[in-house]
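Those protein sequence lines, which keep their order, are chains A and B. Note that our numbering has the first sequence beginning at 1, numbered continuously upward. Note that our numbering has the second sequence beginning at 1, numbered continuously upward.
Incorrect hints may appear among the rest.
Unchecked claim - Taking lysine-lysine pairs in the DSS-like style, the calculated list, with each CA pair at most 30 Å apart, reads:
| id | chain 1 | residue 1 | chain 2 | residue 2 |
| --- | --- | --- | --- | --- |
| 1 | A | Lys151 | B | Lys126 |
| 2 | B | Lys23 | A | Lys152 |
| 3 | A | Lys136 | A | Lys61 |
| 4 | A | Lys155 | B | Lys129 |
| 5 | A | Lys99 | A | Lys61 |
| 6 | A | Lys152 | B | Lys129 |
| 7 | A | Lys138 | A | Lys99 |
Just so you know, the hints here were simulated from the structure itself, not pulled from any lab data.
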Amino acid sequence: MKKLVAIMLILGAGNLAFSQGAVMTKYFEKYSSDEDFTKVSVSSKMFSLFTELDANTEDEKEFLDAISKLKGLKAVVGENVESAESKRIYAGAVADVDKEGYEELMTITDAEENVKISIKENGGKIEELILVAGGKSKFALLSLYGEIDLKKISKLASSMRVHGMQHLRNLDDDYEDDDDNDRN
Amino acid sequence: MESPIEQLIEKYWNGETTLEEEKRVKSHFVENPALSKESDYFRFLKKEQEVKFNPKVKKNSRRTWLSAAATVAIGLITAALVLQESNKDPFAIEDPQRALEETRRALMMIGSGLNEGQSYALELTKINKAKEELKEESEAL
Numbered sequence: 001m002k003k004l005v006a007i008m009l010i011l012g013a014g015n016l017a018f019s020q021g022a023v024m025t026k027y028f029e030k031y032s033s034d035e036d037f038t039k040v041s042v043s044s045k046m047f048s049l050f051t052e053l054d055a056n057t058e059d060e061k062e063f064l065d066a067i068s069k070l071k072g073l074k075a076v077v078g079e080n081v082e083s084a085e086s087k088r089i090y091a092g093a094v095a096d097v098d099k100e101g102y103e104e105l106m107t108i109t110d111a112e113e114n115v116k117i118s119i120k121e122n123g124g125k126i127e128e129l130i131l132v133a134g135g136k137s138k139f140a141l142l143s144l145y146g147e148i149d150l151k152k153i154s155k156l157a158s159s160m161r162v163h164g165m166q167h168l169r170n171l172d173d174d175y176e177d178d179d180d181n182d183r184n
Numbered sequence: 001m002e003s004p005i006e007q008l009i010e011k012y013w014n015g016e017t018t019l020e021e022e023k024r025v026k027s028h029f030v031e032n033p034a035l036s037k038e039s040d041y042f043r044f045l046k047k048e049q050e051v052k053f054n055p056k057v058k059k060n061s062r063r064t065w066l067s068a069a070a071t072v073a074i075g076l077i078t079a080a081l082v083l084q085e086s087n088k089d090p091f092a093i094e095d096p097q098r099a100l101e102e103t104r105r106a107l108m109m110i111g112s113g114l115n116e117g118q119s120y121a122l123e124l125t126k127i128n129k130a131k132e133e134l135k136e137e138s139e140a141l
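Turn these sequences into a full structure, and let the hints guide you.
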């Protein structure tokens, strides 16, 4: 009997451990049928598959290293959202994140967009990171789950900025497109 | 000439006795235990007949518990699996290449946010440093 109870508890705990926070679930459900919002989910199984990939370049190696301990990624990204609407969703999402007990890591507010990064720690290690971003016509809610190394991620972003000019150019194109949409 | 009981026994071993004759054979041996080795056999038969099914024999309670528990466990596990299946993420990316690309984009977004924050923090410390230097100089004067 005791063994059985133990097994059931382990099964239950396993379920909890791999499910990403309530905030993401809420927004996934809310925008599940809204086509203006792109929903992305990368499972822990997929991440474990990534660890078997071979890196060809130094950048790739760095990238694979940074994601090697991640267990999940979920994102809701809205494009072509009205400015007022985007602001409203941003404020709502920030409130939801705060309510769930995430700690604020940083908030950046400028003319272009607002970004808030919050984390959940467990024993000195970052276990989950949530990013909420709301800007002109854009909204993003992003959650990373697993063992997160901020140094690696930040280094990755800056090295990509130097080496990955291709990526940057693509990003710039995206922004210009959005500006055009605004003017229209 | 064989005695009638010997004839009966012969008949018994051939399997030709009627129920009535069989009873006579059995009682003959039980009543005369010293007659032959065969009497042992018949006494054994009589003893076996006395063994009766006793429905009040205690069932192995541990076993009962275990089988009940196992049944419940199977039910629960099935329910858990079904639930998990229904909870399966409808937006999960199946294509590894795309998943990798999305992960890269997400990390870029988080990373550039972090870097932006860091550069602000750096500028702030610079300003603070300059302020302190000014203060020190003004105090020195």
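Here's how the hints hold up against the structure:
no.	hint	result
1	A:Lys151 with B:Lys126	22 Å, holds
2	B:Lys23 with A:Lys152	97 Å, violated
3	A:Lys136 with A:Lys61	34 Å, violated
4	A:Lys155 with B:Lys129	26 Å, holds
5	A:Lys99 with A:Lys61	37 Å, violated
6	A:Lys152 with B:Lys129	28 Å, holds
7	A:Lys138 with A:Lys99	23 Å, holds
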